[in-house]
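J.: Here is how the chains run, residue by residue.
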Amino acid sequence: MSFVPHSDADRREMFAKVGVSDIRELYSDVPDSLIRDGLPEMPDAMSEWEAVRAIQEMAGQNHSLVCFAGAGQYDHFVPAAVDHLIRRSEFYTAYTPYQPEVSQGTLQVIYEFQTMVCELTGMDVANASMYDGPSSAAEAAVMARAVTRRDRVLAAGSLNPHYRKVTDTYLRGQGSELQSIPTGPDGLVDRDALAGALGDDVACLIVQYPNFFGVIEEIEPLAELVQQAGALLVVVADPVTLALLRSPGELGADIVVAEGQPFGNPLSFGGPVVGLFAAKQKYVRKMPGRIVGATVDVEDRRGYVLTLQTREQQIRRDKATSNICTNQGLNALAATIHLALLGRIGLREVAEVSARNAHYARGKLEALDGVELLYPDAPIVREFAVKTKENSRAILERGFSAGILAGVSLSRFPILGAPDGLLLAFTEKRNRAEIDRLVDVIAG
Amino acid sequence: MSDIPEGLKYTEEHEYVRETEAADEFVVGITDYAQGELGDVVFVELPSPGDSFARMDVFGTIEAVKAVSDLYSPLSGEVVAVNEALNDDPALVNSDPYGEGWMVRIRARDMSELDGLLSDTDYSGLIEA
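In order, the protein sequences belong to chains A and B.
If you're matching positions, the first sequence starts at 0 in numbering that gives the first Met the number 0 and goes up one per residue.
If you're matching positions, the second sequence starts at 0 in numbering that gives the first Met the number 0 and goes up one per residue.
In isolation and in its complexed conformation, chain A is listed as follows:
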């Protein structure tokens, strides 16, 4: 059997049928400037050892820094057992299986994953995972539009700018766009501005908890305000902090999404990661993604199935709730194993140590000349922003020389409208000595 799907003759026949002369004509929407003629120049072929050496040399240019950067992804400790278990051949696949019911072990893991996501977020139903936090937020906005049959999407100005950008991209494809609600001087969503922006064409408000600046938003009054206007409240959560905070579900959220990277997944220069997605039961038929359900077989034994697949693209085609037809199988597996290893108390300890580190650092930095807390009175968990008199990028350079990644420069995100400064994040991996070094770096 030939595994070449289309011969030249097949292609010619298909081109003739649809009335194009060549493949390029099918891609006429793509501007010429983006089309490359031929392959880029490649080095000569290498032997295996030469390739290993070349890659080692490249890897040697990486710097190992003590990480105080967060802004959506966090440097948590991942126990070695996670990596060991995900590599077992029964588990080691990137995707949801396409003939799923023969893979009961995989489905059971996803079911456990969904249960953990529900417990963390306080929601009724969770899916088998999304690509990452930002695309989860975008899918939540799309879902809110489908649930409410309304057009406009509002987002707190204190939403992570990356999430904002990804969501905006999704919405533009639907002929909508994101409207930003300003942040008040207390670091929280400006509720008067929100009330003014709400209307009978608003599908949802997206708010981050804690927000991009680390401030714990007051979710309950936002939920009331938004839901009175017939819209949904979408909460983007830092899932580690949910071990300490009241869950968004308890506070009235309709949809909760999160970046699941802190559970079991290393930073790895940005990915791959895993998005968490949960909602109230009544919206389950508008949810994106795969959902695993528990059932019993003919002999009354417990089994797992993919359920509610009529929402999905392989059945519903262009009217599917989303184009995601898979999940981040391996990353969700890592998250599930990590959470199972930590347990309820362990996760709480991770969050508590992270919070204690953040508050220790906050106290030290507050006392420095040339450094001010961006929102001095705001409650935070494990991340906060400081204004710096010195250019934040210069501080980062100094940190780099001292082996410290001194947070994320706020000047990278002009869209925030924030003064120059640093966003600093803390995990259970940091200790006082490291935090003292961070303070020294910032002090100059």
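Take these hints with a grain of salt, some might be off.
[Said to hold, decoys possible] Mimicking DMTMM-like on lysine to aspartate or glutamate, the simulated pairs with C-alpha atoms at most 20 Å apart in a straight line are:
1. A:K386 to A:D185
2. A:K285 to B:D87
3. A:K363 to A:D376
4. A:K386 to A:D435
5. A:K279 to B:E44
6. B:K65 to A:D317
7. A:K279 to A:E111
8. A:K386 to A:D419
9. A:K285 to A:D200
10. A:K363 to A:E433
11. B:K65 to A:D296
12. A:K285 to B:D69
13. A:K164 to A:E176
14. A:K363 to A:D435
15. A:K279 to B:D87
16. A:K428 to A:D439
17. A:K388 to A:D368
18. A:K285 to B:E44
19. A:K281 to B:D88
20. A:K363 to A:D439
21. A:K281 to B:E44
22. A:K281 to B:E83
23. B:K65 to B:E44
24. A:K281 to A:E223
25. A:K318 to B:E12
26. A:K281 to B:D87
27. A:K318 to B:D69
28. A:K318 to B:E44
29. A:K285 to A:D123
30. B:K65 to A:E100
31. A:K318 to B:D56
In case anyone wonders, no lab produced these hints; they're calculated from the structure.
Fit chain B to the known structure of chain A by using the hints.
T.: This is chain B only, laid out in the frame that chain A set:
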């Protein structure tokens, strides 16, 4: 052989329209043929009373185990009632499509639209074609 009652009107999308005691109100559901093609119905998403639709707007969706279809409003008008019983027992659409499996009651905005619908013989011809 599908049941196609006389005296009802039909759409090409397999909805039926039944007259009621009120001259401008009509009951809408899907035909016996449609429920047979779909198989076991597991969920029917219906609009709310008060919602308005133009002719052939999607007013809801119907889900079977491995298929899902849109429901099209045969007439322009306002929904005056929906069959809440389908929330608990969507299989009523299978067991009694023209009776307990009805979906919505619509107050028609333009009675002349009735003339554009299919008769039972037209519909019977359509599904046998």
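J.: Would you mind marking each hint as holding or not holding in the structure?
T.: Against the structure, the hints come out as follows:
Between A:K386 and A:D185, the direct Cα distance comes to roughly 15 Å. Compliance with the 20 Å bound is thereby established for this hinted pair. Straight-line distance between C-alpha atoms of A:K285 and B:D87 comes to about 19 Å, which keeps the hinted pair within the 20 Å bound. A threshold of 20 Å between alpha carbons decides the hint, and for A:K363 with A:D376 the separation of about 16 Å falls inside it, so the pair holds. Using a Cα cut-off of 20 Å, the hinted pair A:K386 and A:D435 holds, with the two alpha carbons roughly 18 Å apart.
Between A:K279 and B:E44, the direct Cα distance comes to roughly 17 Å. Compliance with the 20 Å bound is thereby established for this hinted pair. Of the pairs offered as hints, the one joining B:K65 and A:D317 holds, with about 16 Å between alpha carbons and a cut-off of 20 Å not exceeded. For the proposed pair A:K279 and A:E111, the alpha carbon gap of about 18 Å is at most 20 Å, so the pair holds. Only pairs whose Cα atoms come within 20 Å are accepted, and A:K386 paired with A:D419 is accepted, the gap being roughly 6 Å.
As the CA atoms of A:K285 and A:D200 are separated by approximately 19 Å, the hinted pair is consistent with the 20 Å bound. Among the hinted pairs, A:K363 with A:E433 is consistent with the structure: their alpha-carbon atoms are about 13 Å apart, no more than 20 Å. Taking the CA atoms of B:K65 and A:D296, the gap is about 19 Å. The hint holds against a cut of 20 Å. Annotation: proposed proximity of A:K285 to B:D69 holds, straight-line Cα distance about 14 Å (limit 20 Å).
A hinted pair counts as satisfied when its Cα atoms are at most 20 Å apart, and A:K164 with A:E176 qualifies at roughly 10 Å. Simply put, A:K363 and A:D435 have alpha-carbon atoms about 8 Å apart, close enough for the 20 Å limit, and the pair holds. Restraint check for A:K279 and B:D87: the C-alpha separation of about 19 Å stays at or below 20 Å, so the hint holds. For the hint pairing A:K428 with A:D439, the CA-to-CA distance comes to about 19 Å; that is within 20 Å, so the pair holds.
Between A:K388 and A:D368 the CA atoms are separated by roughly 9 Å; this keeps the pair inside 20 Å, and the hint holds. At roughly 11 Å between alpha-carbon atoms, A:K285 and B:E44 fall within 20 Å of each other, so this suggested pair holds. At roughly 17 Å between alpha-carbon atoms, A:K281 and B:D88 fall within 20 Å of each other, so this suggested pair holds. The hinted pair formed by A:K363 and A:D439 meets the criterion: a straight-line CA distance of about 10 Å does not exceed 20 Å.
Proposed proximity of A:K281 and B:E44 is supported: the alpha carbons are some 12 Å apart, at most 20 Å. Between A:K281 and B:E83, the direct Cα distance comes to roughly 15 Å. Compliance with the 20 Å bound is thereby established for this hinted pair. At roughly 16 Å between alpha-carbon atoms, B:K65 and B:E44 fall within 20 Å of each other, so this suggested pair holds. Note on A:K281 and A:E223: the hinted pairing holds, with a Cα-Cα distance of about 18 Å set against a maximum of 20 Å.
Our distance criterion of 20 Å between C-alpha atoms is met by A:K318 and B:E12, whose separation comes to about 17 Å. Taking the CA atoms of A:K281 and B:D87, the gap is about 14 Å. The hint holds against a cut of 20 Å. A distance of roughly 9 Å separates the Cα atoms of A:K318 and B:D69; the hinted pair therefore holds under the 20 Å criterion. At most 20 Å may separate the alpha-carbon atoms for a hinted pair to count; A:K318 and B:E44 meet this at roughly 14 Å.
Between A:K285 and A:D123, the direct Cα distance comes to roughly 14 Å. Compliance with the 20 Å bound is thereby established for this hinted pair. As the CA atoms of B:K65 and A:E100 are separated by approximately 15 Å, the hinted pair is consistent with the 20 Å bound. Of the pairs offered as hints, the one joining A:K318 and B:D56 holds, with about 15 Å between alpha carbons and a cut-off of 20 Å not exceeded.
Violated hints for the displayed structure: none, as all numbered hints are satisfied.
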